[in-house]
Amino acid sequence: MSFFNQNRKDTVAAGDVIIVYIDFTTMLAVHVDLSAGKTAIHTKYGAIPFQSIIGHRYGTKFRCKNGYVQLLQPTPELWTKTMPFRTQILYLPDISMILMQLDLKPGSVVGESGTGSGSLSHAIARTVAPHGHLFTFDYHELRVLQFQKEINSHGLASVVTAQHSDVYKDGYGTLDGVLDAILLDLPCPWFAVPHAKKALKKSGGRLGSFSPCIEQVQRTCKELKAHGFKDIVTLECLMRPLEVKTLTMNCWIPTQAEANTDERRDNKLKTPFSQVSFPTAIVPWEVPGHSGFLTFASFYS
Amino acid sequence: MDADTFDANIIKDSDRVIFQRKDWSKDGIVGHGKSLVISKLKTKTDDIVGLAYGTLVEWNKHAGKFERVEEGELEDDDFTADVEDGETGGDNRNLVDNSTAQSLTTGEITAMKAQGVKGKEIIDSLVQNSLTFETRQEYAKEKYIQKKKDKHVFRFRILRPTLRLVCEVYGCGKPQRINYLRLDTLAIMLSNSNIHAGSNVMVVDGVQGLLLAAAMERMGGRGKIVHVHPGPQPIIPAYEVFGFPEEWTRSIYHLSIDNLEVISPTVEILQNGVEPLEISEPPVKRRKLNDAQQESARFIKNHLMDSLMIASKHHPKTILLFLLPFLGLSRNFVVHSSFREPLVETFQAVRSSGRAVRVCLNETWLRLYQVLPSRTHPENNMSGSGGYLLSGTTVEKDSSFSDGASNETARNFD
Chain A
1292 MSFFNQNRKD TVAAGDVIIV YIDFTTMLAV HVDLSAGKTA IHTKYGAIPF QSIIGHRYGT
1352 KFRCKNGYVQ LLQPTPELWT KTMPFRTQIL YLPDISMILM QLDLKPGSVV GESGTGSGSL
1412 SHAIARTVAP HGHLFTFDYH ELRVLQFQKE INSHGLASVV TAQHSDVYKD GYGTLDGVLD
1472 AILLDLPCPW FAVPHAKKAL KKSGGRLGSF SPCIEQVQRT CKELKAHGFK DIVTLECLMR
1532 PLEVKTLTMN CWIPTQAEAN TDERRDNKLK TPFSQVSFPT AIVPWEVPGH SGFLTFASFY
1592 S
Chain B
289 MDADTFDANI IKDSDRVIFQ RKDWSKDGIV GHGKSLVISK LKTKTDDIVG LAYGTLVEWN
349 KHAGKFERVE EGELEDDDFT ADVEDGETGG DNRNLVDNST AQSLTTGEIT AMKAQGVKGK
409 EIIDSLVQNS LTFETRQEYA KEKYIQKKKD KHVFRFRILR PTLRLVCEVY GCGKPQRINY
469 LRLDTLAIML SNSNIHAGSN VMVVDGVQGL LLAAAMERMG GRGKIVHVHP GPQPIIPAYE
529 VFGFPEEWTR SIYHLSIDNL EVISPTVEIL QNGVEPLEIS EPPVKRRKLN DAQQESARFI
589 KNHLMDSLMI ASKHHPKTIL LFLLPFLGLS RNFVVHSSFR EPLVETFQAV RSSGRAVRVC
649 LNETWLRLYQ VLPSRTHPEN NMSGSGGYLL SGTTVEKDSS FSDGASNETA RNFD
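Here the protein sequences come in this chain order: A and B.
So the first sequence is numbered by this note's numbering: it starts at 1292 and just counts up by one.
So the second sequence is numbered by this note's numbering: it starts at 289 and just counts up by one.
For reference, chain A alone in the conformation it holds in the complex (with noise of 0.2 Å):
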């Protein structure tokens, strides 16, 4: 099991943290640990004893009792729909634009405070590995060694280090000039930002900044300004889900435009209408309209 093309296997083994698709709106994620009391899965299509499902390649269909699921690989994507909450999470529109634009790629050494739940530090690792690193850092104690179990179930160990800090305090440790890129996703970010531009390698890097309160931006951009960073963008990113239906509509004939209307009398044909059916991609009523403000700024030699 990985969250890495390159180590995964087609088949579920013990051990493996797996999604289990049961529809639309269903997704959970388990850890097929046979070490832990836990024994099976507990679906709305019945229950999937553990043992019954290593071997069964992933991506196929898994039956129930009552119907069945799909058993799939994880992804960062998967785990940010399924994780078990700890805190409000970033979700995918945002992660993607942070690992855009702090140019993250394999190699890059980046800090992230804090950890929160870990949703965006799955997508992280997943992009700086396999010779990158990502030093993460939360004042919260419990969801550190949470999140330190996951990294080591979800085989990110060798590329992720959780630490319980208060960056705030004590900024990034012993990260001195070393990381390329930091992100900040703190109630007070503007006072990480001279530790952060400390752990900033000299050479430059660049920095993000999620808040979703405009007074936390106004303060943060004043507080990166003050310490030298450029090109400083404030922007909001979101994702309207369309819902794709084929509608059918009453289509009003009018009867001058029937060639022969008395024939039409005649047959007493009196609804002067008919059906016409088209696909749509409809934009729901209600919408997610905001998640946060990103701000993000290099910093240059």
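Please keep in mind that the hints were generated in silico from the structure rather than gathered at the bench.
Not one of these hints is a red herring.
In silico negatives: residues of chain B with every beta carbon more than 12 Å from chain A:
# : residue
1 : GLY352
2 : LEU392
3 : LYS406
4 : THR420
5 : GLN425
6 : ILE545
Using C-beta positions, here's what the derived DEER-type ranges look like:
#  : chain 1 : residue 1 : chain 2 : residue 2 : range
7  : B       : ASN590    : A       : GLU1534   : 37 to 45 Å
8  : B       : ARG465    : A       : VAL1574   : 24 to 32 Å
9  : A       : GLY1468   : B       : SER302    : 26 to 34 Å
10 : A       : GLU1534   : B       : ASP412    : 53 to 61 Å
Source: prediction; values computed, not measured.
Where a beta carbon is used, it is the ideal one built from N, C-alpha and C, also for glycine.
Position chain B relative to chain A; hints supplied.
What follows is chain B alone, placed relative to chain A:
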């Protein structure tokens, strides 16, 4: 360029670099005898070689060369006014727009530039010679300086190309060439397709090689990329901007979309100079290809892909349905189009094929903000659309989804 020096921090002769200004960037090659036209100015780039990436330079017309400028001197984001709410200095009650406020003439400015007077000094003179400058609001003063700067100072930051910067180059000048594929949309494509080092990736790239470059940057030369391109030859200017190491480029298999059908199991690729065996059951079509294309086709026939990204001017439906079986199971695909209708059609076809779950259609949305003390608001102009994305995860073909059958429900809409 080789892999060892790809990340070096000093600009070398013949490097591809990005010239960045506020809201505007361009790529170019720097080095001896290399000239570059920027904003109607023909510049010589010799003096950029040897500087560190990230350096600010200004074109000195008099000396005919780029000169290094110190950080902090008349910077683009050097907004100094930090006024309390409501106290904004002067106002515009006495401002009359009669073009007499500036006593410096165009001729005089041109003469200053020809003498090699620095940008900062020109702006200072303009400010001194403006009768109305001191009566303006603090904000308006900054705006005035910014406008004059845009016009009179040719200052750039020299940066190493990254996906973000190359997207900006295309976005600010020629978005039509990359099918209006916006930065955030491309970012989401890279996440949704789960591209990373060590993967086998297929890209159908009708966007000047930008998709190919995106995949390469995220893979760092580790893994293989199948590049399906329109036309007989790959034309990939956006890829070339990056100056990726030669050994990375060797991990790409180019295949023309005209030859795409040869990867089908029912087509046999003929080796040059080898006569085909007479009997084959069932009968197969035979195609002749040049060596490189043959190699690409063979690679696809022998390897399952981990990711598929499509951003092309072609209608995506037939391409996606044809390529889905070449992806492994539980792998991800994503298709971009700047139009909604082809993706609606493709969505329905993919759902009906029973080869994918988590099939989603999304539109992307991006908005930029001006953040200044007491003056924070969304930018006055924003991108109208970054296009549409169709994404999904492959599963074994579900035979209960026979072609044409679909579990969509028709809904009355009256």
